[in-house]
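Protein chains in written order, with numbering that gives the first Met the number 0: chain V, 0 to 344; chain P, 0 to 344.
Don't take each hint at face value.
Heads up, the list lumps identical chains together, so a pair's fine if it works in one copy or across two of them.
[What the hints assert, rightly or not] In silico DSSO-like pairs for lysine-lysine, Cα to Cα no more than 27 Å straight-line:
#, residue 1, residue 2
1, K301, K3
2, K89, K150
3, K259, K3
4, K123, K150
5, K185, K301
6, K89, K200
7, K3, K200
Since the hints were made in silico from the structure, they are not lab data.
The structure displayed is predicted, hence computed values, not measured ones.
Protein chains: 2
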Amino acid sequence: MSEKRTELSRLGEFGLIDRIQQQFSLQNETSLKGIGDDAAVISSGEESIVVSTDMLLEGVHFDLSYMPLQHLGYKAVAVNVSDIAAMNAKPEQIVISLGISNRFSLEAVDALYEGIRAACDSYKVDLVGGDTSSSVSGLIISITAIGRVAKDKVVERNGAKANDIICVTGDLGAAYVGLQVLEREKQVFLTNPEMQPDLEKYEYLVGRQLKPEARMDIVHDLAERNCVPTSMIDISDGLASELLHLSKNSKLGVKIFEDKVPIDHDTFETAIEFKIDPITCVLNGGEDYELLFTITPTDYEKLKNHPDIHFIGHMHENANQNVMITKQQTLVPITAQGWNHFKVE
Amino acid sequence: MSEKRTELSRLGEFGLIDRIQQQFSLQNETSLKGIGDDAAVISSGEESIVVSTDMLLEGVHFDLSYMPLQHLGYKAVAVNVSDIAAMNAKPEQIVISLGISNRFSLEAVDALYEGIRAACDSYKVDLVGGDTSSSVSGLIISITAIGRVAKDKVVERNGAKANDIICVTGDLGAAYVGLQVLEREKQVFLTNPEMQPDLEKYEYLVGRQLKPEARMDIVHDLAERNCVPTSMIDISDGLASELLHLSKNSKLGVKIFEDKVPIDHDTFETAIEFKIDPITCVLNGGEDYELLFTITPTDYEKLKNHPDIHFIGHMHENANQNVMITKQQTLVPITAQGWNHFKVE
């Protein structure tokens, strides 16, 4: 065949998103912000409605051999709520499309919805609709979350200014290391099914992978302290990738300090056990679902005593210089491996 | 294993939706209407925002051997817009989640988005966000559509009163017959790849299957004539199934007349060619994406001259008597086969 064929892997996920974004323009005045942030922004009187969507596919985003269905249901909601949190908004509704094969029983679907319900309770969101159909292969969960925020409190990716302080919440890299643990135990089990996995030692790491929480608590804390970040994004693809999103959207450079980046003790030790540099897990891992945001220097006082917010660096004028100062005081460029889903293995 | 296993096919799609609906209650006051209509309804000041979601799976909802990707993109948007139309609302935004395998090239994805863009232009909706990831098997398209309507103009499934007139738009059964034609041509092609399909004769039917249109024109016409239906639903699963939804939600019976049901000449002739009763294609086929609605008898004058609205029967007090009067003046009960996606073949 002489038809031209370009592999998707040549563009990667972000290249494809850019391409789609260029092909579509906005025509309704209620469409305040389209493709290119954690969520779309739609005008609703004095408020903005933010909308985000995420699809989880069996065999790509989760492996049911170690992911219990309750946890999967919870996680599917949490990752969407995390996108709403990243807009500084409060999630209120979700709709769920589900593709399920005959392999799944009613009991399995009940378990999935049990997790979804637990997340709805925890984040105070309502399941208001959906679509259910059979799938010829695995399980597919597509969720759209809808949130709300006062018009002047929406935080996008592009508002950072030079000298703004870069903040992250919680600790990073744990979910990635947890995934390595689960994958190793799966291989052990496949080799010797009599062997019981000993996950107790890795409880925190495995929990971060299987049951991540969206940081709605941080959104509330920021509001309470009267602090509106200048830009924000949730950390789903690894810190490096998200920092570069802020850099690109704000047209500024980022500079962070390795010794300021929060890494849990278990994450650190287990990364070493796997012979991976812990900072690599943070930069290029993923699925932390923590928040990365920038604040004006004058807001530092409001947050400096918060036990779970860490100040890891600052924005600067040179958009082409995105760097980390290592513990050895060397300067390394920040590059995103991110996830290239389309990579031909 | 002694664990209990109940097959999903025992409940079917609607049984599963009922089950989920019972397990979830609404906690946010902005959630005006949850599961159980064409779209969810969310409060937004003087307006209501309606939200609907639909997932299309390769091998279940479409077959790429006869569905061109442009058409698929167009259809994926149209079926979602149709749900918004069924709420009497105007669609304004969509978000799209896409799962694509390495089998698809960039050119294929471009073709898909070309169709999506054509539909966005046609229905004046903005693509404002999405999620793209690789799939291990086929193509998956999940779309969520967001529409808007004045609070007092929202039309749900439950507002019909006894003696309200039952109306349908366009003609019915064509998409189902079109699918039979395409399936037959596919089999012919598989047997003898040299054989060129002759689809010209079936152009209308095949077009109804491959390129359905949402009836936004009817929503506009109703508004222009100052007519707000008392209940409305779009016809995606066959007329019988949708009539029973109106009956159940309005707690009334439906009575329709076979000779009033609009069937196109090509649909009729080709159904006979396939040895299927044309009215069966209408009642139990699907994918018409026409509107089924009820109006108060006093509104009949406003619509009686509309060339594309047909009056097929009326609502009555006995919720357990859902019937069709055949051309032979016999009375047959309306039962829904609908689609049981979970049926074990």
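Notebook entry, point to check: How would you label the pair K3, K200 (within, between, both, or neither) given a Cα cut-off of 27 Å?
Noted result: neither (52 Å within a copy, 32 Å between copies)
Check: For K301 vs K3, is the C-alpha pair at or below 27 Å within one copy, between two copies, both, or neither?
Finding: Classified as neither: same-chain Cα gap 56 Å, cross-chain 54 Å, threshold 27 Å.
Margin query: At most 27 Å between CA atoms: does that hold for K259 and K3 within a copy, between copies, both, or neither?
Written below: This pair counts as neither: shortest intra-copy Cα distance 48 Å, inter-copy 51 Å.
Margin query: If the cut is 27 Å between Cα atoms, do K89 and K200 qualify within a copy, between copies, both or neither?
Written below: Answer is neither; intra-copy 35 Å and inter-copy 55 Å both fail.
Checklist line | Intra- versus inter-subunit Cα pairing at 27 Å for K185 with K301 | finding: This pair counts as neither: shortest intra-copy Cα distance 45 Å, inter-copy 67 Å.
Item checked: Homomeric proximity label, K89 with K150: Cα distance no greater than 27 Å -> both (13 Å within a copy, 23 Å between copies)
Note to self: Reference check for the pair K123 and K150, CA-CA at most 27 Å: within, between, both, or neither?
What the structure shows: For K123 and K150, the Cα distance is within 27 Å both inside one copy (21 Å) and across copies (24 Å).
Violated hints, listed in ascending order, are 1, 3, 5, 6 and 7; each of the other numbered hints is respected by the structure.
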